[in-house]
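Engineer: Sequence:
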Amino acid sequence: MGTMNDSVVETPTTTDSFMLTLTDMAVVKIQAILKERNVPDYGLRVFVAGVGCSGLQYGMALESQTHDKDTVVESSGLKLYVDPASAEYLDGATIDYENNPMGGGFRIENPNVANTCGCSQQSGCEGCH
1 MGTMNDSVVE TPTTTDSFML TLTDMAVVKI QAILKERNVP DYGLRVFVAG
51 VGCSGLQYGM ALESQTHDKD TVVESSGLKL YVDPASAEYL DGATIDYENN
101 PMGGGFRIEN PNVANTCGCS QQSGCEGCH
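Residue numbers for the sequence shown follow my numbering, so the first one is 1 and each next one is one higher.
It is possible that some hints are incorrect.
Straight-line Cα separation of at most 30 Å, BS3-like style, residue types lysine-lysine; simulated pairs [unchecked claim]:
| # | residue 1 | residue 2 |
| --- | --- | --- |
| 1 | K29 | K69 |
| 2 | K79 | K29 |
| 3 | K35 | K79 |
| 4 | K79 | K69 |
| 5 | K35 | K69 |
Since the hints were made in silico from the structure, they are not lab data.
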């Protein structure tokens, strides 16, 4: 019978079952940001920052390494880091980038969000307005 090692090292999870997609526009923009900031080896952390009246609120940050239990997705040569709590909500989502004068930026299309209200009312959203 072997002995157990007292030290346990958490490793990032790379899974084929978790899906987070980048559109071509998002890839181009992220690569441009990494180049502009001179951090070509960094990845993008994507997370759920909270729930508000308009639904899930997302956040993104440049990261140089994974955290314990992160899911790591590689897409078009870019690494995406997702913490376990956010992974539950982001599975199947698509990150896009829109460049327009009326409010361009990153947008997450998430099939896991049934409606755009986070107020928990099933028959409408009068309480939010």
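Engineer: Decide, hint by hint, whether the structure agrees.
Structural biologist: Hints, verified against the model:
1. K29 - K69: Holds - the C-alpha atoms of K69 and K29 are around 27 Å apart, at most 30 Å.
2. K79 - K29: Answer holds: K79 to K29 is near 14 Å, not above 30 Å.
3. K35 - K79: The hint holds at about 15 Å.
4. K79 - K69: 15 Å, holds
5. K35 - K69: It holds: about 28 Å lies between the C-alpha atoms, which stays within 30 Å.
In this structure, none of the earlier numbered hints is contradicted; all agree with it.
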